[in-house]
Amino acid sequence: MDPTDACFAGAAGQAELLRSGALTARDLVAECLRRIDRHDRRLNAFRAVFAERALADADRADARLSRGEHAPLLGVPVAVKEDLAVAGLPTTSGTAAVETAAPADSPVVARLRAAGAVLVGRTRMPELGLWPHTESTWAGATRNPWSPDHSPGGSSGGSAAAVAAGLVGAAVGTDGAGSVRIPAACTGLFGLKPRRDHVTLDGDHDTWGGLVVAGPVTRHVRDAALLLDVLAPGHDHTRAVTDTRTLRIAVSLRPWGTAIGVDPEVRDAVLDTAGLLSDLGHDVTRTDPDLRATSGSAGFAARYLHAAATAEARLDRPDRLDRRTRAVAALGRSLPRAAVRAALARQDGLTRHANRLFEDHDLLLTPVLTRPPLRIGEWDRRPTVAALLAAARMTAFLPLWNITGNPAAAVPAGHTRTGLPLAVQLVAAPDAGTTILTAAGQLERARPWADRRPPGY
Numbered sequence: 001m002d003p004t005d006a007c008f009a010g011a012a013g014q015a016e017l018l019r020s021g022a023l024t025a026r027d028l029v030a031e032c033l034r035r036i037d038r039h040d041r042r043l044n045a046f047r048a049v050f051a052e053r054a055l056a057d058a059d060r061a062d063a064r065l066s067r068g069e070h071a072p073l074l075g076v077p078v079a080v081k082e083d084l085a086v087a088g089l090p091t092t093s094g095t096a097a098v099e100t101a102a103p104a105d106s107p108v109v110a111r112l113r114a115a116g117a118v119l120v121g122r123t124r125m126p127e128l129g130l131w132p133h134t135e136s137t138w139a140g141a142t143r144n145p146w147s148p149d150h151s152p153g154g155s156s157g158g159s160a161a162a163v164a165a166g167l168v169g170a171a172v173g174t175d176g177a178g179s180v181r182i183p184a185a186c187t188g189l190f191g192l193k194p195r196r197d198h199v200t201l202d203g204d205h206d207t208w209g210g211l212v213v214a215g216p217v218t219r220h221v222r223d224a225a226l227l228l229d230v231l232a233p234g235h236d237h238t239r240a241v242t243d244t245r246t247l248r249i250a251v252s253l254r255p256w257g258t259a260i261g262v263d264p265e266v267r268d269a270v271l272d273t274a275g276l277l278s279d280l281g282h283d284v285t286r287t288d289p290d291l292r293a294t295s296g297s298a299g300f301a302a303r304y305l306h307a308a309a310t311a312e313a314r315l316d317r318p319d320r321l322d323r324r325t326r327a328v329a330a331l332g333r334s335l336p337r338a339a340v341r342a343a344l345a346r347q348d349g350l351t352r353h354a355n356r357l358f359e360d361h362d363l364l365l366t367p368v369l370t371r372p373p374l375r376i377g378e379w380d381r382r383p384t385v386a387a388l389l390a391a392a393r394m395t396a397f398l399p400l401w402n403i404t405g406n407p408a409a410a411v412p413a414g415h416t417r418t419g420l421p422l423a424v425q426l427v428a429a430p431d432a433g434t435t436i437l438t439a440a441g442q443l444e445r446a447r448p449w450a451d452r453r454p455p456g457y
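For what it's worth, UniProt numbering labels the leading residue of the sequence shown as 1, then goes sequentially.
It is worth saying that the hints were derived from the structure and are not from the lab. Even glycine gets a Cβ: it sits at the ideal position worked out from N, Cα and C. Please note that a few of the clues may not be correct.
Simulated restraints on C-beta separations [claimed, not checked]: (1) 236 x 2: 31 to 37 Å; (2) 53 x 345: 44 to 50 Å; (3) 19 x 337: 38 to 44 Å; (4) 378 x 41: 21 to 27 Å; (5) 431 x 319: 40 to 46 Å.
Generate coordinates for the entire structure from the input sequences, incorporating the hints supplied.
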C-alpha cells in the first residue's frame, strides 16, 4: 500500500491494515515520523516527538501481531495533547512554566497504551488552553494544514493539525469550552466532546470545575468510535456508527449570547446539512430555543477566568507565561468569590433548562463557530479584554454544553469559497452520545469528507 495513503487511512483503517498484514507497525510508524520530520517544522503541531520509543513500541506491536494477538489499536500511531500526563515528563499545558515531571501516565494515555497504540508525541496547545487558536510568543503559531496563514484553532490545535496533515492516525484532545470541536471544525475533521465523566481524566483538570473532558480528533467517525471504545469501554460506540435509524433533529442558528452574527458561509453549511439530513429521512425542524444566553454566558466567563487564575497558581514558574496569559489570570484573581459561587449554583438550573429541548428532539444541529478559521496573529494587537470578547463571539455555540455536560461534536460540512474547512455541531442529551455517532456516520456515508486532503500533504 502507498505509505502516504496508509498515513491518511485513519486509526480504524490502520488497525485493519496492520491486522491483515498489509503493512507492519514499524513501517507505518516510521513513515509517520518521516512525515513529522518533513512537515512539522512549518506546521508546529508537536511539542515533543517520541521517535525512539515509538519505533521500539512498533516493533513490540509487530511481534504481538505475528503471534496472532489482538488489541483494538495495536500498532496504530496516535498523539495526545500536552495537558494529558505522560509519565516522566512535565505536563506543560502549552507553557514553559512547568518543571515537575508527572509520576504516571494519565488514564487516557494508560488506556491508549493498553490498547496497543503507539504514542508518537505530544501536541501543542495555547497557554493553559485559554484561546481558540494555538499560538504563543515563545512557541510560535501552530498552522492549519489547509492554509499556513490560518490557525487550526484551539486549544487542541496541535492534535487537529497532526491528524489533518496525516502525521498520526488519530489524536486525543481536551475540551473545556469547545477545545476539541473548534480545531476539528477548522481542519476538516470529526471531533467529539463526550458527556461529562464519560472518559476518566486525572486530577489536574479539576481546575476547570468539571468543564473539561477528553475526546478524539479523527479523520473518520468510526475512528472516533474506536478510540472511545478504548477510552470509555462498555458502551459499544462502534456499533452506533453503522446505525441507520431516523432521528428527530432540531436546527438552530441562534448563538448563546446577544448581538452575535453568523457568517453567511457558516449559516449555509448548517442549512445545507439540515437539508441533507432531511433527505436521509430524519425529521428536521427549525427551532431557536431560549438558552438563557445572558446569565449563562456571564456565569461561564466567571468560571473561565477563575480557572485561569487557579491554573496559573499551580505552575512552577508562572513568571514564564505570556503577558496576555498573565492578564487573563489577573482578571480571574480580581473576581469576587461570590461571582464564581453564583455561576456554579446556576449550573443545575441551566442544565435542566437547556435539556428541555431533548424531550422532543434527539439531536440539536448548530454551527460550531460563527465564522471561518482565524488568520494567524489576527488578534495580536487587540487588548486582552477585546480579544476575550472576540473569542466569546466566535465560540458562542460551544461553552453551554460544557456547563451542562452534554455530548457534542464537530462534523465536517464542506469548505469556504477559499478552501477553508466548514463544520456543523451536533449535540445530544447527556446519556445519548451514541446518537451523535449515528447521525455523523450517516452524514459521512452520504457526503464523504476524508478523501479530500490538505494540499501539499
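Each hint tested on the structure:
Between residue 236 and residue 2 the beta carbons are some 33 Å apart, a value that agrees with the proposed interval 31 to 37 Å. As the Cβ distance of residue 53 to residue 345 is approximately 46 Å, the hint placing it in 44 to 50 Å holds. Under the hint 38 to 44 Å, the C-beta atoms of residue 19 and residue 337, about 55 Å apart, miss the expected range. Judged by the Cβ atoms, the range 21 to 27 Å given for residue 378 and residue 41 holds: they are separated by roughly 23 Å.
Taking 40 to 46 Å as the suggested C-beta distance range, the pair residue 431 and residue 319 conforms, at roughly 44 Å.
Comparing the model with each earlier hint shows a violation of hint 3 alone; every other hint is respected.
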